[in-house]
Structures are given as structure tokens and as C-alpha cells.
Amino acid sequence: MVDVIVFLIAGAIVLGGALGVIVSSNPVHAALSLIASFFGVAVIFIIQEAHFLALVQVVVYAGAIVVLFLFVIMLLGVDTSENLRVDPLVGQRSLGLVFGGLLLALTLGGLFLSGPGGDEGAVALTGQESVVRPIDDRSQIEQLGEDLFSRNILAFQATALLLTIATVGAVVLVHNRGAEDLVIDEPGLSVE
Amino acid sequence: MDPYLLDGVTLGDVALSTVKAVLALVVCLVATMLMVWFERKVIARLQNRIGPNVAGPFGVLQTLADGIKAFFKEDNIPENADRFVFKLAPYLSLLPAFLTFTLIPLGGDFSGGKSGTVTLPGGQETFLQVADPPVGVLFFLAMSSLGIYGIMLAGWSSGSKYPLLGSVRASAQAISYEAALGLSLAAVILVTGGLSMTEIVREQATAGFGGIIPNWNIIVTGFIPFAVFVMAGTAELNRPPFDLVEAEQELVGGFHTEYSGIRFALFFLSEFMNTVTMAAIIVTLFFGGPAGPNLGILPGWLWGFVWFFAKLLVFLFVFVWFRATLPRFRYDQLMDLGWKLLIPLSLGWLLVLAGIRVARNGELNLLDSAGGDTVLVIAVSFVVLLVGMGFLRAALNNARRERLLAAGLDPREVG
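The listed protein sequences derive, respectively, from chains A and B. All residue numbers for the first sequence refer to our numbering, where the first residue is 1 and numbers rise by one. All residue numbers for the second sequence refer to our numbering, where the first residue is 1 and numbers rise by one.
Keep in mind the hints are simulated off the structure, nothing from the lab. The reader is advised that the hints may include incorrect statements.
Claimed, not checked - Far from chain A by the CB rule (all over 12 Å, computed), these chain B residues:
id, residue
1, Gly56
2, Gly59
3, Asp75
4, Pro78
5, Leu88
6, Thr126
7, Met143
8, Leu164
9, Ile189
10, Ser196
11, Ala207
12, Gly222
13, Phe267
14, Pro293
15, Phe305
16, Pro327
Stated by the list, open to error - With the C-beta cut set under 7 Å, the calculated list includes, among others, these residues of chain B facing chain A:
id, residue
17, Val9
18, Asn80
19, Pro133
20, Phe268
Where a beta carbon is used, it is the ideal one built from N, C-alpha and C, also for glycine.
Taking the hints into account, I'd like the entire structure generated from these sequences.
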């Protein structure tokens with residue numbers, strides 16, 4: 001009963017936020033709606049007892065990625081100059097509608113095929129059995145950590161490598177832009 | 001999880017949770033009000049002044065008077081402001097501050113291996129904290145990263161240059177120090193083996209070395225994570241010496257320059273609420289929270305409160321002391337401290353702690369005994385740490401030399 005009430009409230013927040021993202025003409029307001037939507041999703045994760053996932057959702061998406069969005073919007077000043085009447089790419093909107101509709105059909109199809117309580121829908125759509133294992137008595141974080149550092153260690157290391165490459169790339173890009181601009185920041189150095 | 005929530009949620013449980021949340025809000029607000037007074041009074045004494053002394057005994061009602069005054073002040077909204085976001089920002093900054101407070105075990109009897117629950121007159125057992133989610137410490141990190149929004153949006157929506165500069169500084173600072181904060185937290189999580197706040201307190205309530213020295217995490221994790229956490233925490237709070245965000249000489253007032261009346265008061269309130277919460281988090285993570293010996297006289301559950309608030313007061317004083325003593329950092333010093341000292345140090349220390357843990361559990365089997373392995377791990381770790389620090393310094397010096405050379409300066413002359 002409590003689950004249903006919480007789900008309805010969270011669902012309303014998710015949908016309202018999602019609607020706000022596409023409706024608001026001001027990018028900052030759109031970003032704020034996105035945060036609301038992320039929060040609703042986090043609450044839905046919590047009802048499913050996926051506490052860790054919920055918190056990661058908040059820390060990574062709401063706490064880091066949208067902050068980055070806002071930084072870009074604020075510092076580049078795109079908040080005023082954007083003309084929303086013009087399509088940047090020809091046919092972008094109609095194609096968006098088509099693919100959005102297809103995605104919706106796919107999701108609803110999966111939902112109806114699976115029926116109450118079964119996962120036949122997932123099988124029908126992907127042809128694969130569900131790989132989700134039942135949770136045992138240990139805490140979720142323990143299981144997640146063990147899985148990440150044993151079964152999926154290669155993927156984990158590859159992701160770490162990817163991030164390192166991205167960081168080094170960013171440093172190189174900034175560095176090559178000209179050392180003259182940077183030297184003024186040097187502490188203890190008086191500029192003649 | 002709280003014991004009363006384990007067997008399904010009834011309407012009574014919801015009511016109990018609501019009562020707890022309201023009580024926590026009251027405690028938090030009163031503590032914040034007293035903190036404002038305490039800070040003004042202590043800093044006045046440290047600067048040879050008297051401080052507030054008119055409203056109420058020892059001026060203790062001064063904050064209340066200021067709050068009432070703020071309600072009646074004119075509420076200005078600048079012409080260029082984004083009105084909706086401008087009004088929203090103070091609440092966005094207040095909410096995470098309070099939500100973090102709900103995590104903290106304020107009391108409870110942890111002595112002699114007790115689990116820290118109290119039994120209410122209605123028969124329910126509960127912790128003396130609003131919520132004890134299984135991911136407690138992560139919730140604190142999430143809230144501290146959300147606290148940026150209030151400051152950032154306030155600066156942007158003001159439609160004015162100084163607030164924007166202040167808020168960009170604030171977000172850069174908060175993002176930089178969050179990494180160090182999280183890494184020093186990871187050390188605590190490592191020695192506890194769990195994320196829940198009650199679990200962290202319970203682990204520290206056990207008898208430590210020789211039965212006399214408490215098993216507090218400040219000792220168990222070897223002091224370094226605590227030092228890093230206090231520094232990074234102070235930076236997250238934008239308190240002196242990390243208050244570049246509100247550097248009056250450069251930015252007028254920082255992100256809240258354009259705010260007046262009750263909206264300004266909300267920012268002020270959330271800043272002090274964050275200070276109280278951060279002090280409480282430090283006490284919980286490193287000093288055993290409400291855990292402490294039961295000295296008789298009072299009932300057991302009351303001792304939890306006594307120990308908690310005694311420890312809390314020490315750290316509130318330390319924050320005020322910082323403000324009275326330390327000069328403000330320069331921006332490059334701030335970034336140097338965060339990225340080149342605190343993050344590498346806490347990361348290295350986490351690895352050392354993990355190594356020691358593996359050796360003490362006897363999973364290494366290099367020497368004959370687990371004790372010998374531990375000594376070996378510690379020795380190797382310190383050699384690696386020193387070599388690593390040497391490499392880092394060499395890299396930094398080399399980068400600086402190349403920058404100077406590229407600018408056509410002689411590194412030896414600049415020094």
C-alpha cells in the first residue's frame with residue numbers, strides 16, 4: 001500500500017520533470033526539471049530496495065552531470081541566444097517523433113508481453129534469458145563489489161583506462177593552446 | 001534499518017517517522033540558532049570584543065531577533081534576475097543541509113555491546129535518528145554534492161557579475177574537495193565494513209586497545225583520513241580559511257550579494273546548519289558519535305545525548321577557532337592543496353589501510369606470521385609512499401620549469 005502511494009508520487013515527479021525538460025524554453029529551467037526527474041527515478045529505485053543504485057543515480061547524475069550541464073549553460077551564455085523555432089538539423093524533429101514513438105511501442109510491447117510477474121517479455125524482445133540473480137542475505141553493496149572486482153574486472157579496468165585517457169587528452173588539449181597564457185597564474189612570480 | 005520498520009510499514013510507523021522528522025527539524029533549527037550566537041560570542045572574545053549581549057541572557061536571543069527583523073525587511077528582486085530560480089535557490093540550499101542532519105544518530109545507548117536502540121512507551125524499538133538507510137554515508141556525499149545547486153543557481157539567477165563569479169568559485173571549490181572528502185570517508189567505510197551510520201557508531205563503541213583507549217576511527221584509521229576530512233569539510237562549508245566564495249574585498253558578498261530580507265536569512269541559516277551538520281558528521285565518523293561509557297546517575301539512553309553533544313561542541317568551537325585564527329587561502333593555493341596534497345594523500349592512505357587489513361587477516365602468507373606480514377606491508381607502503389611523493393614533486397617541478405622556459409624566463413632566476 002505504502003509502496004503504491006510512493007510509486008504514484010515518484011512517478012508523477014518523474015513524468016512532470018521529463019515534461020519540463022522538453023517544454024521549458026529556458027535551458028536552466030530544463031536542467032532543473034531534469035534533476036527533479038532524476039530524483040523521482042531514485043525514489044523508485046528505493047522502493048525496489050536498490051538503495052545503492054538510487055544513491056549513485058543522485059550522486060552521479062544529479063550531483064555531477066547536471067552540474068556540468070549548468071556550468072556550460074551559464075558560462076557559454078546559451079541561455080538567451082538560442083532560437084528554438086529553427087531546426088539545427090533538417091528533419092530532426094520529425095525523425096525524433098518517429099523514433100520516440102518506436103521506443104514507446106517497444107517498451108509497451110515488452111510490458112504487455114511479459115504479463116503480471118513474469119519476464120517472458122524480456123525473453124520475447126531480446127531472445128535472452130534474464131541474467132538477474134536472486135539477492136542473497138549479504139548486503140547489496142558487498143555483492144556488487146564482489147561481482148565488479150571478480151567477474152567483471154576486465155570491464156572495470158577498461159573503464160578506468162578510458163577515463164584516464166580522457167583526462168590526459170583534456171590536459172593535452174589545454175596545454176597546447178599556448179603556455180604564455182598560463183604562466184601568469186604562477187604563484188610567487190611577478191610579471192614585468 | 002530501523003527495527004520498527006522491519007516488519008512491514010503500518011500507519012503508526014509513518015506517524016512515528018513523521019514525529020521523529022519534526023523533532024529532528026526542531027533540534028536542528030535550535031542548534032543552528034545557538035550556533036550563530038556561539039560563533040558570534042566566541043569570535044568576539046577571540047578578537048577582544050564582547051559580542052551580542054543585549055537580547056536575552058548573554059545575548060542568546062540575538063539570532064531570533066535578527067531572524068524576525070529579516071522577515072520584515074524589504075525583499076528585493078533584481079531587474080535582470082530569473083525570478084523563479086532566484087526564489088527557488090535559498091530553499092535548494094537549505095534542504096540538503098537538513099536532510100544530512102536526519103542521518104546522524106543523536107543519542108542511544110551503545111555501551112556494553114548494546115545496539116543503540118531505545119524502547120518507546122508504545123513498545124516500538126527505534127534508533128535516535130530520523131533515518132538509518134543502508135547506504136547512509138553515501139547519502140551524506142549525495143547531499144553535499146546537491147548543496148552546490150543552491151549556491152550555483154543563486155549566483156546565476158541574480159543576473160549580476162559578482163554573484164556569478166562567487167558562485168563559479170564556490171562550485172569549483174566544492175567539486176574539487178568532494179573527491180578528497182569521499183576518499184577520506186572511504187577509509188572509515190573500509191575499517192567499518194558497512195555504510196550505515198549506526199553500524200559505524202556501533203563499531204566504534206567496542207572496547208579498543210588495552211580496554212582503555214576508545215576504538216574511535218580517528219585512531220583506527222590512523223589520523224590522516226580525519227585530518228583530510230576536516231580540511232575538505234571546511235572547504236565544502238565555504239568557511240574560513242576556505243571562504244574565497246564570499247571574499248568581501250573582491251566579490252562584495254559572493255553568491256548572495258543580491259539577496260535581501262528573509263531570502264538572505266535562509267542562506268545564512270543553511271550555512272550555519274551545514275556547519276552544525278558537518279561537525280556532527282565528523283563526530284559520528286571519527287569520534288564514536290553518541291558512544292561513550294555509562295557513568296551511572298542518568299539512564300543509559302541519556303548518556304548518548306550527553307556524549308554526542310559534548311563532542312559536537314568541541315568541533316563547533318574548532319570551526320570558530322579556524323575562522324578567528326587562519327588567513328584566507330589564495331585561489332591557486334586552494335587548488336594546490338586540494339588536488340596535489342589532499343587527494344593523493346587520502347588515496348595513498350586508503351591503499352595502505354587496505355594492505356594492512358589484508359595482512360592482518362593473514363591472507364598474505366609472505367612471512368610466517370600475520371604480525372610479520374603486517375610489519376612488512378607497513379614498511380613497503382611507506383617506501384612506496386615516499387617514492388610516489390618524490391615522483392609527484394619531480395613532476396610538478398618539471399612542469400613548472402617547462403612553463404617558465406616556454407614563457408622565455410630562466411627558472412633559476414625566478415626561483
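Taking the hints in turn, this is what the structure says about them:
Consistency note on glycine 56 of chain B: stated as away from chain A, and its beta-carbon is indeed over 12 Å from all of that chain's, at 40 Å minimum. Distance check on glycine 59 of chain B: its Cβ is at least 39 Å (rounded) from any Cβ of chain A, clearing the 12 Å threshold; non-interface status holds. For aspartate 75 of chain B, the non-interface assignment is confirmed: its Cβ lies about 22 Å from the closest Cβ of chain A, beyond the 12 Å cut-off. Every C-beta of chain A lies more than 12 Å from that of proline 78 of chain B, the closest at about 16 Å, which supports listing it as non-interface.
Distance to chain A contradicts leucine 88 of chain B as a non-interface residue, since its nearest Cβ pair spans about 8 Å, not more than 12 Å. The claim that threonine 126 of chain B is not at the interface with chain A holds, since no C-beta of that chain comes within 12 Å of its own (minimum 18 Å). Remark: the non-interface label on methionine 143 of chain B conflicts with the geometry, its nearest Cβ contact in chain A lying 9 Å away (cut-off 12 Å). At roughly 7 Å, the least C-beta separation between leucine 164 of chain B and chain A is not larger than 12 Å, which violates its mark as non-interface.
Not every CB of chain A is more than 12 Å from the CB of isoleucine 189 of chain B (nearest about 9 Å), against its label as outside the interface. Here serine 196 of chain B does not stay apart from chain A, with its beta-carbon only about 9 Å from theirs, under the 12 Å limit. For alanine 207 of chain B, the requirement that its beta carbon stay farther than 12 Å from each beta carbon of chain A is met, with the minimum near 25 Å. A cut-off of 12 Å between C-beta atoms confirms that glycine 222 of chain B is not in contact with chain A; the least separation is 23 Å.
No beta-carbon of chain A comes within 12 Å of the beta-carbon of phenylalanine 267 of chain B; the shortest separation is about 18 Å. With a least beta-carbon separation of about 30 Å from chain A, proline 293 of chain B lies farther than 12 Å from that chain, consistent with its non-interface assignment. Even its closest Cβ contact with chain A, about 28 Å, leaves phenylalanine 305 of chain B beyond 12 Å, as expected for a residue assigned away from the interface. With a cut of 12 Å on Cβ distances, proline 327 of chain B stays outside the contact zone with chain A, its closest approach being about 15 Å.
Interface hint at valine 9 of chain B: satisfied, since its Cβ lies 5 Å from the closest Cβ of chain A, which is below the 7 Å cut-off. Look at asparagine 80 of chain B: its Cβ only gets to about 11 Å from chain A, farther than 7 Å, so that hint breaks. Evaluation of the proline 133 of chain B hint against chain A yields a held restraint, the C-beta minimum of about 6 Å falling below 7 Å. Taking 7 Å as the C-beta contact cut-off toward chain A, the hint placing phenylalanine 268 of chain B at the interface is violated, the least distance being around 23 Å.
Comparing the model with each numbered hint stated earlier shows that hints 5, 7, 8, 9, 10, 18 and 20 do not hold.
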